[in-house]
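Chemist: Residue numbers (my numbering), protein chains in the order written: chain A, 8 to 692; chain B, 8 to 692.
Simulated from the structure, these hints should not be mistaken for laboratory data. Some clues are possibly wrong.
Claimed, not checked - Here are the computed lysine-lysine pairs in the BS3-like style, where the Cα-Cα straight-line distance is at most 30 Å:
| id | chain 1 | residue 1 | chain 2 | residue 2 |
| --- | --- | --- | --- | --- |
| 1 | A | K493 | A | K483 |
| 2 | B | K464 | A | K317 |
| 3 | B | K353 | B | K43 |
| 4 | A | K308 | B | K464 |
| 5 | A | K353 | A | K340 |
| 6 | A | K302 | B | K145 |
| 7 | B | K308 | B | K259 |
| 8 | A | K302 | B | K340 |
| 9 | A | K369 | B | K542 |
| 10 | A | K576 | B | K145 |
| 11 | B | K608 | B | K542 |
| 12 | A | K353 | A | K43 |
| 13 | B | K475 | A | K340 |
| 14 | A | K464 | B | K576 |
| 15 | B | K145 | B | K464 |
| 16 | A | K159 | A | K340 |
| 17 | A | K458 | B | K43 |
| 18 | B | K608 | A | K464 |
| 19 | A | K308 | B | K576 |
| 20 | B | K369 | B | K42 |
| 21 | A | K302 | B | K564 |
| 22 | B | K464 | A | K608 |
| 23 | A | K246 | A | K230 |
| 24 | A | K475 | A | K421 |
| 25 | B | K242 | A | K604 |
| 26 | A | K445 | B | K308 |
| 27 | B | K576 | A | K445 |
| 28 | B | K464 | A | K97 |
| 29 | A | K159 | A | K308 |
| 30 | A | K365 | A | K353 |
| 31 | B | K102 | A | K445 |
| 32 | B | K340 | A | K345 |
| 33 | A | K445 | B | K608 |
| 34 | B | K308 | B | K159 |
| 35 | A | K317 | B | K317 |
| 36 | B | K317 | B | K139 |
Said to hold, decoys possible - Which stretches of chain B does chain A cover? Using the computed rule of at least three CB atoms under 8 Å from a CB of chain A, they are:
| id | stretch |
| --- | --- |
| 37 | 52-64 |
| 38 | 199-208 |
| 39 | 303-312 |
These numbers come from a predicted model, not from an experiment. By construction, the Cβ of each residue, glycine as well, lies at the ideal position given by its N, Cα and C atoms.
Protein chains: 2
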Amino acid sequence: MRSLHAFAILALLPIAASADEGMWPYDNFPTDAVKKRLGSAPTQDWLDHVRLSSLRIAGGCSASFVSPNGLVMTNHHCAHRCIEQLSTGKNDHVKNGFFARAEKDELACPTMEMNQLIAIADVTARMELAKKGVADDKLHDAIRAEIARIEKECATGDDFRCEVVSLYHGGRYDLYTYRRYQDVRLVFAPEFATAFFGGDPDNFMFPRWDLDVTFVRVYKDGKPLKTDHWLRWTKAGVKAGDAVFVSGNPGKTSRLKTVAQLEYDRDVYLPTRLGYLNELRGYVAMYQTRGPEEKRHSTDKLFGIENSVKGLTGRHRTLADPRFFAALAAAEKDLRQKVDADPALKAAYGGAWDAIAKVTDKMRRYADETWAIELETSDLFGYARTLVRAADELPKPNGERLEEYTDSRLPELKQKLFSPAPVHDELETALLAFQLTKMRQVLGPDHPVVKRLLGPKSPAEVAAALVKGTALKDPKVRRALWDGGKAKVDATRDPLLDFVRSFDADARAVRKRWDSDIDGPLKKYGGQLAQARFKLYGTGQYPDATFTLRLSHGTVKGWTEPGSEREVKPFTYMAGAFERATGRDPFALPPTWLAAKGRLKLDTPLDFTADTDIIGGNSGSPVVGTDGDVVGLVFDGNIQSLGGEYGFDATVNRTVAVDARAIVEALGKIYGAGRLVDELTSSRP
Amino acid sequence: MRSLHAFAILALLPIAASADEGMWPYDNFPTDAVKKRLGSAPTQDWLDHVRLSSLRIAGGCSASFVSPNGLVMTNHHCAHRCIEQLSTGKNDHVKNGFFARAEKDELACPTMEMNQLIAIADVTARMELAKKGVADDKLHDAIRAEIARIEKECATGDDFRCEVVSLYHGGRYDLYTYRRYQDVRLVFAPEFATAFFGGDPDNFMFPRWDLDVTFVRVYKDGKPLKTDHWLRWTKAGVKAGDAVFVSGNPGKTSRLKTVAQLEYDRDVYLPTRLGYLNELRGYVAMYQTRGPEEKRHSTDKLFGIENSVKGLTGRHRTLADPRFFAALAAAEKDLRQKVDADPALKAAYGGAWDAIAKVTDKMRRYADETWAIELETSDLFGYARTLVRAADELPKPNGERLEEYTDSRLPELKQKLFSPAPVHDELETALLAFQLTKMRQVLGPDHPVVKRLLGPKSPAEVAAALVKGTALKDPKVRRALWDGGKAKVDATRDPLLDFVRSFDADARAVRKRWDSDIDGPLKKYGGQLAQARFKLYGTGQYPDATFTLRLSHGTVKGWTEPGSEREVKPFTYMAGAFERATGRDPFALPPTWLAAKGRLKLDTPLDFTADTDIIGGNSGSPVVGTDGDVVGLVFDGNIQSLGGEYGFDATVNRTVAVDARAIVEALGKIYGAGRLVDELTSSRP
């Protein structure tokens, strides 16, 4: 929340994305431009190898293979859920860390799925054919149906995950094929206190001193996966000015949105989400004071909320900067003038901006109801809704189902639904009460759904009865319901299932309205604008982030704080962590660090920054050098990187990574994890 | 939070305020225009009588005398703090209501002050003289010094309160002289459950069924005050279409702000405040679940937070409406063109808009630090800061003190500081921890003040130690410190005093920067714009609200919901409360109502709406008929009235009031308060 300094607007390139930035798809990497910038550029072999060594974690992170035996490196915060699920009051791996001394001690993560991108195919022509002549309000369904068909044809089993990705807001469609790994086991995690040293106050800040790393291992048929593609560990590490690449899965950017869409983000979307998240943050923060067990089982939740609050606040502040917004508006004006100046372009694409503005009027009208009726603050509620909807959706042809119930998504859905992670009644009751209170607040007490759900009761009463009465806390019950299909679900009288059922038709209708009136038309007109850009600026542009694999390039580099002109150096060192430590959360180093201090090489680089272009979803991405060796592990961006949602400012936007040298130093000297150090470094040159 | 429907923009009068709306100062009431609109208009005698019958509650509400014996009517929510302060775990007047069967049972409110406006004098010329030739960054101090001089000359004792009010954003200065009453005693309060029936969900909504009334009595020299000015109780009540007036103290509107200031509100001020309030809301809501006693002593706090959240959210939504914002921008453009078209006006005032825009750039830069360093979430912390600052401020000449320590403000300050209301350690610790966490979050853990305040400790640890260690929980200790002055305060080693002292110089410097760079210049350029408006549109305009007494006019009237075209009728009836009741908070009617149902005249009008122009601060205002009789009691506005901060939309903006007939019906038949009914009605015709 510290003030986001004014962007150096001159650095914003309003017209077309420069090759000096960008989250590039592997099949459209700007090799020539990168050679010019960095002196050399990856070969096709290099690209293929790094792509196949890269992984996506289905929940929303990135990772990479770092040994031929399926060892995977990611962030602690990307594995936090697994670590928490494997913890108990007595054995708190979040607090105390975890290390499997031998392979047999590696523990299965209940809900972690890894995806490895094995192929990209352009399916734009097929999608265009499917969209041809379809009315605006039917577009969403037509697109969904064709995507489901393509994905279904591609996915030949649970081992594959196929996804049609809409790039450039509908300007291009690619089929991404992944190999899917669901047997993922925890190998090593440091203590939360060092992984998230500095906590929320230091989040998105630099200098930083975090060891935000976790190792897991992919298993196949009960044995560690053998893989040909994995990243070799660096010997020398990096220094300031070295060229580096980040290979990972940026979640979402909005750099190609129109001004009307940006205004919607600034004035409706972000304020609504922030209102909800801030309130939930205070609610869970106070819940934590109920006791140590309550604190333990709600920490991951709070961590996620705080991270979202800080991220969305940064995004909002970027759009709230009048100069930044004016630069985006000027870029749109420029493009629009160019389109209007060419009669053919004008006829084909000139109406898109006004059409999108009309759609945003509808978004403003529908936003509250759509959001509130699809809200899922409680996990248990989410299970119930998944079961009820799956019962209705799965009997339908694949192409007519709601997106998350299409065949290609089922394995992830099932893994989440069948999670053996414990359900905490007290927390679930509190979260469900919060969800119902929020629904009543947003929809109003006279909304028919609210009246039906609450009747004469208070949200807290209803939540308590539902959590107490439902059998869905048991994963075996959930699995049996899933396996039993519609007949079994329909025949089951569970209070939470009944509750979800009582308004599912209403919720679906609200969602349907959004799909028809908003989602479909936005894809159509967004696609038109993409075509206009292709025609005017060529295809050498990167699309907005879509939580698919991208490669970005840059150098290890600090920055100068605008305003104060303070120089921020690109490296921190292990010694700094000891200097910053106060002994109190979130600035308390764990006992292992304090005990090992004398043994450590304290000038080992701990964290560093680079001017690579990343965003949320890139957490866990490897930073690799020109030789393809892994030199770091992305775990954050600086506060200015949050503005990267809407535009990349090369002067201040920085990736924040753990240095590979600190990882082996800590594994060896703090955690006695020699087995892991050997596995990582034995094959290096 | 239900969506605020798009304003009927045509109804906005962008150029000058129409005489069909407005919060008019009593010395500039548009009699002719009102005669034209309503058929008749108040005489000067009527105006004087209603003015002297009207009261301001120093904390932020309105009220009125309703008997010659000092009986005062206001809202329950305006007296909530007093009612809570007089409650204990055993004797919960908030929950159970309160009625003093005899005069001797009337209980003194610890911190309630009433102000009666006895004179208004124009001091603009004197202020202009004081400002003449003063540099922009010295203006704040020059204005403050002259105001303090004028107020000091006026206030001849604690019985008078004199305030120089800056109207039209610095375009005019008036001296308001009040008679001050601090011996205020609780006479009657209904149960919270009926006063705030519908709770947060129904807040700012209509239809409503709230009995949001409380009676207190002003005492003078230990006896009920004898007053010549009081409002007679209506006999017949009102019906749809009747002309009505609201006499009260609207707190603040922003209808004369420039576009740059409105953008600051929309993009910085409101999001920051809402982020804080939403988080605090969740925090206190979860605190309430700790137990019934915790719930009791935090309910007023939560109620205030929820009310602010809803109010500020409504304001934000108004500014986020692109058509509404465009109408305000068009009005500014029109005025600016008119100024630019006249060389003399242009030379005098043409630069004001750009100058204000430059000031808002600074506001954006300073906002976070200024807000965080002056934050006071905890009452105890507020006491400590008041004592530390008073010690430094009071020895200074009146005109050089911080505003809240000038002589005219001291009685209110002292009343708050010496409040005998109990301090709840647990709540104070939680709130202080919240405040410190928020400071660290906004200022950053490396801010020198944060480092000094926290040292190696966590906010929760620091808060717990301070609350445990301070002696300021005892009002006698606070009074002794106040009476002992600087010598005693400086010599006292209290942990909370030390804590405040440790960063007071920093906090004052940050505040000083705001005053010099922002507050002073805004008054100068705002004043220029006011002069331009006077010259172009005449002086028949109302100023923005300033928490001073205003009279607004209109008729009893429902409205049509834009979009749905649903007609909202202007009256609800007592029967409706029973229909809406569910038995569960916040829709539970109290047992007294349920028991009395058979005796009640159920078709008694309970609440009604009128198109009078009000805003927060008007709570507790009497609604009076053309004959000067009190017919209702303002307690809310509808959701569209929140947009009234920035502009009055006559088609949908409505005042919400309790009907006078329901008040006597309830007093007599539900609460057995015959003594009060007699006092209210005995003198009516």
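Chemist: Confirm or reject each hint.
Modeler: Against the structure, the hints come out as follows:
1. A/K493 / A/K483: Distance ~17 Å between A/K493 and A/K483 Cα, so the pair holds.
2. B/K464 / A/K317: holds (23 Å)
3. B/K353 / B/K43: The hint is violated at about 35 Å.
4. A/K308 / B/K464: holds (24 Å)
5. A/K353 / A/K340: The hint holds at about 14 Å.
6. A/K302 / B/K145: This hinted pair is violated, its Cα atoms lying about 51 Å apart.
7. B/K308 / B/K259: Holds. B/K308 to B/K259 sits at ~21 Å (cutoff 30 Å).
8. A/K302 / B/K340: violated (55 Å)
9. A/K369 / B/K542: violated (42 Å)
10. A/K576 / B/K145: violated (40 Å)
11. B/K608 / B/K542: Not satisfied, since the Cα-Cα distance of roughly 55 Å exceeds 30 Å.
12. A/K353 / A/K43: violated (35 Å)
13. B/K475 / A/K340: Violated. B/K475 to A/K340 sits at ~61 Å, over the 30 Å cutoff.
14. A/K464 / B/K576: Given that 30 Å is the threshold and the Cα spacing comes to 28 Å, the pair holds.
15. B/K145 / B/K464: Violated: B/K145 and B/K464 sit about 40 Å apart, past 30 Å.
16. A/K159 / A/K340: With Cα atoms ~41 Å apart, A/K159 and A/K340 exceed 30 Å; violated.
17. A/K458 / B/K43: violated (46 Å)
18. B/K608 / A/K464: holds (28 Å)
19. A/K308 / B/K576: violated (45 Å)
20. B/K369 / B/K42: violated (46 Å)
21. A/K302 / B/K564: Violated, at about 53 Å.
22. B/K464 / A/K608: Satisfied, since the Cα-Cα distance of roughly 28 Å is no more than 30 Å.
23. A/K246 / A/K230: violated (38 Å)
24. A/K475 / A/K421: Distance of about 24 Å is within 30 Å: holds.
25. B/K242 / A/K604: violated (85 Å)
26. A/K445 / B/K308: The given pair, whose Cα atoms are some 19 Å apart, holds under the 30 Å limit.
27. B/K576 / A/K445: holds (28 Å)
28. B/K464 / A/K97: Distance of about 26 Å is within 30 Å: holds.
29. A/K159 / A/K308: violated (34 Å)
30. A/K365 / A/K353: Holds, at roughly 18 Å.
31. B/K102 / A/K445: Holds - the C-alpha atoms of A/K445 and B/K102 are around 25 Å apart, at most 30 Å.
32. B/K340 / A/K345: It holds: about 29 Å lies between the C-alpha atoms, which stays within 30 Å.
33. A/K445 / B/K608: violated (36 Å)
34. B/K308 / B/K159: Since the Cα atoms of B/K308 and B/K159 sit roughly 34 Å apart, the hinted pair is violated (cutoff 30 Å).
35. A/K317 / B/K317: The given pair, whose Cα atoms are some 22 Å apart, holds under the 30 Å limit.
36. B/K317 / B/K139: violated (42 Å)
37. 52-64: violated (count 0)
38. 199-208: holds (count 3)
39. 303-312: violated (count 0)
Checked against the numbered hints above, the structure breaks hints 3, 6, 8, 9, 10, 11, 12, 13, 15, 16, 17, 19, 20, 21, 23, 25, 29, 33, 34, 36, 37, 39 and satisfies the rest.
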